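*Asks:* Sequence:
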Amino acid sequence: MVSNPRMNLFRLPAILLAGLLATTAQAKDLRIGMVGLDTSHVTAFTRILNDKSAKDHIPGGKVVAAVKDSSPDIESSYTRVEKYTAELTGKWGVKLYPTVTEMCRHVDAVMVENVDGRPHLKHATDVIKAGKPLFIDKPLAGTLEDCLKIYRLARRHNVPVFSSSSLRFAKATLAARAGKFGKVLRCETRSPAHLEPHHPDLFWYGIHGVESLFTVMGSGCVSVQRGTT
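Numbering (the numbering used here), first residue to last: 10 to 238.
No lab work stands behind these hints, which were simulated from the structure alone.
Some hints here could point you the wrong way.
As the list claims (entries may be wrong) - Think about it this way: if two alpha-carbon atoms lie no more than 30 Å apart in a straight line, the pair counts; the simulated DSBU-like pairs of lysine-lysine are:
no. : residue 1 : residue 2
1   : Lys77     : Lys192
2   : Lys180    : Lys71
3   : Lys71     : Lys131
4   : Lys158    : Lys189
5   : Lys180    : Lys131
To be verified - Label-pair distances were calculated between CB atoms; the ranges are:
no. : residue 1 : residue 2 : range
6   : Pro209    : Phe171    : 17 to 27 Å
7   : Asp82     : Lys158    : 17 to 27 Å
8   : Lys64     : Thr98     : 16 to 26 Å
9   : Lys104    : Gly140    : 14 to 24 Å
10  : Asp38     : Gly140    : 17 to 27 Å
11  : Ser62     : Gly227    : 38 to 48 Å
12  : Val193    : Glu111    : 20 to 30 Å
13  : Leu105    : Glu84     : 21 to 31 Å
If you're wondering where the values come from, they're calculated on a predicted model, not measured in any experiment.
Glycine included, every Cβ here is placed at the ideal spot set by N, Cα and C.
Use the sequences and the hints to build the structure in full.
*Replies:* And the structure:
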């Protein structure tokens, strides 16, 4: 779909976070905090934002603070958190804080990155109540109820919150949405969708295929069929 989907996977949320903060742009770099250091996304985003010599560097923001956090019942979380935490603190000089509330006092915006969606509502609540613009990595939350609570809280406090798959902005997807291939009557998407036992069905990784589908077809879904191979 894209010439370099892996690069765009990491660039797009950082670019969109910068857009989210455009109204509060300052002469100096915006201070960004991260929560949940158990995914390769935290090191990728930090490199893109902090390394001015990087080819894919995005100026305007810098990751300066983080809350470690991980999940003891998800292997891909507890086996990786120490490695990524060490890189953020050792290579990039990111300062660790014990709580999200305390970290929020030292940043302008926050990226919630835990691979586990279950703690996202709690983290988002702390960030939103602190009035900080927020990007939430996939999955948005651990349940539909939590997803709705996040956006209702954000609306109540008038705080920008954003979450998305980068494939929503893939060139071919946007071209189909714009009608460049003619009127779309049917669309079928495929994507990796590992099922994680602590999350409902496609919550864990299904966002890529689902967002591609909704980007092309638009809102107003009336029925859903889902298969696995």
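*Asks:* Work down the list of hints and note, for each, if the structure agrees.
*Replies:* Hints versus structure:
For the hint linking Lys77 to Lys192, the alpha-carbon distance of about 47 Å lies beyond 30 Å, and the restraint is violated. Using a Cα cut-off of 30 Å, the hinted pair Lys180 and Lys71 holds, with the two alpha carbons roughly 28 Å apart. Our distance criterion of 30 Å between C-alpha atoms is met by Lys71 and Lys131, whose separation comes to about 24 Å. This hinted pair does not check out: Lys158 and Lys189 have alpha carbons roughly 37 Å apart, beyond 30 Å.
For the proposed pair Lys180 and Lys131, the alpha carbon gap of about 35 Å is over 30 Å, so the pair is violated. A hinted range of 17 to 27 Å for the beta carbons of Pro209 and Phe171 is consistent with their spacing of about 22 Å. The hinted window of 17 to 27 Å between Asp82 and Lys158 holds, with their beta carbons roughly 22 Å apart. Separation of Lys64 from Thr98 is about 24 Å and conforms to the stated range, judged on CB atoms against 16 to 26 Å.
Between Lys104 and Gly140 the CB atoms are about 21 Å apart, so this pair conforms to the stated range of 14 to 24 Å. Remark: the range hint 17 to 27 Å for Asp38 to Gly140 is upheld by a beta-carbon distance near 19 Å. The hinted range of 38 to 48 Å is satisfied by Ser62 and Gly227, whose Cβ atoms lie roughly 41 Å apart. Our hint of 20 to 30 Å for Val193 and Glu111 is violated, since their Cβ atoms are close to 48 Å apart.
One distance hint, 21 to 31 Å for the beta-carbon pair Leu105 and Glu84, holds here, with the actual separation near 23 Å.
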